[in-house]
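Below, each chain spelled out in residue letters.
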Amino acid sequence: MELAGDRGKVGITDYAQQQLGDVVYVELPEIGTKLKQGQSFGTIESVKAVSELYAPVTGEVVDVNAALKDKPEIVNADPHGSWMIAVRLTNAGESDALLDASQYQDLVK
Amino acid sequence: MEQATEVPLKKTPLNARHRASGARMVPFGGWDMPVEYSGIVAEHLAVRTRAGLFDVSHMGQIEIAGKDALAAVQRISSNDASKLAVGQAQYSGLLTEQGTFIDDLLVYRLTPAHFLLVVNASHIQKDYAWIAEQIKPAGDAVAVDASSRYALLALQGPAALDVLQPLTGVDLAGMKYYWFANGEVASVRATISRTGYTGEDGFEIFVPPQSADRVWQAILESGKAADVIPAGLGARDTLRLEAAMRLHGNDIDETTTVLEADLSWIVGWKKDDFIGAAALREQKANGVTRKIAGFEVLDRGIARQGYDAYLGDAKVGVVTSGTQTPFLKKAIGMAYLPAAHTAAGTEFDVDIRGRRTRARVVPMPFYKRQRPERGA
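In the order they appear, the protein sequences are chains D and A.
Using the numbering used here, the letters of the first sequence correspond one by one to residues 15 to 123.
Using the numbering used here, the letters of the second sequence correspond one by one to residues 126 to 501.
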């Protein structure tokens, strides 16, 4: 998640896209959907498998990345650049507990 | 809690090569196998446009030999092995008395009274035990599980012939589809068969396990200019599905008959009694109530194995294989549906994780190669 003020852009990590393999389908929620931290907001499918996408924070979906509908493979090419949804955070404290990229790298090593 | 009696995964002779090449390894049918190297999509497209090299050494080999070997094979295999010349192979079923699939297999006629059966990896022991028991009444014939004597490589794709020919004295262009010959590949004793599980032209190469790595390396080296790449089980699955080849465990099993699987061409209807014959003859006379059908998803979404099929509010069937295919770029699959609703153009719904999604029956195969193999 990339945070700017009370807006967070949510995507998946490079590690996650590597584990998934070739992404062929991404299903995202409608704008306006209210999400709780940890709740599934969509699905991402590789050739082999379906995985749920989980909200890292509580908030309201204010934008979805429509480009992923026709070009889901960009998730593999540029995972950190391929955001999926933008969320307006309604529980600001939650984001403090999230890991940054280098902390996450250490975790999945 | 972890199981205390977990059986270690079996390894093919190429296991170290796969790991050194950075393949992603997964457990498959009791084996530690490469699911992908550079990615399923890239490997799939390589096979459709150039060639890919697969390690399928996990497949089992059962040999049947003896004066009455033909009678033995005729009893346990649904297809008519008497039609095979020496040097020819056929697809067939190993059936229950109910005409359902214990396994599917290829039957190779090595000599007039010596056959090689290639069976699925996860069923080797079950198949062997069944065959050994069932051929007893056939007379002078013995079955041997020869799986450990063979490594099996599959070079598949339009460039396969040109890549393999420099490595062997066997005239590959003169080899017809579903024929095979003995010879050598990269100076290694080999049986080369013009068969495969991808819908593409190509060859399957049986070699002694200790020489598998040498042959693997030689083929990749020969294929360098044509950009031939190693490919894993993931691409093998999407390729076979585009070609509408059934996968045992998904599309066929001990609950589905040969006729329901729409494979009546692998039944030797004119031959004498074989296991499953009576049930199949009865089902042929009465007609099947359900049948496998190929489909395309019309809405967005991917219909996968195990998802339910609906006509209106009635649950009428189940998807047995389904994916988004890399070459056709569509969500396709196979499903068992009521036989009256399997004509091309028939529409039905698939429950994709709680959402009804429209699908349409289409003719199979989904993909058919344009050019026939050269020389065949």
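You may find that some hints are simply not true.
[Claimed, not checked] Below, a sample of chain A positions facing chain D; criterion: calculated Cβ distance under 7 Å: (1) M150; (2) G164; (3) T448.
If you're looking for bench data, these hints aren't it; they were derived computationally from the structure.
Where is the CB? At the ideal position from N, CA and C, for every residue including glycine.
Hints and how they fare:
1. M150: Since chain D brings no Cβ nearer than about 13 Å to M150/A, farther than 7 Å, the hint is violated.
2. G164: holds, 5 Å
3. T448: holds, 6 Å
Checked against the numbered hints listed earlier, the structure breaks hint 1 alone; every other hint is satisfied.
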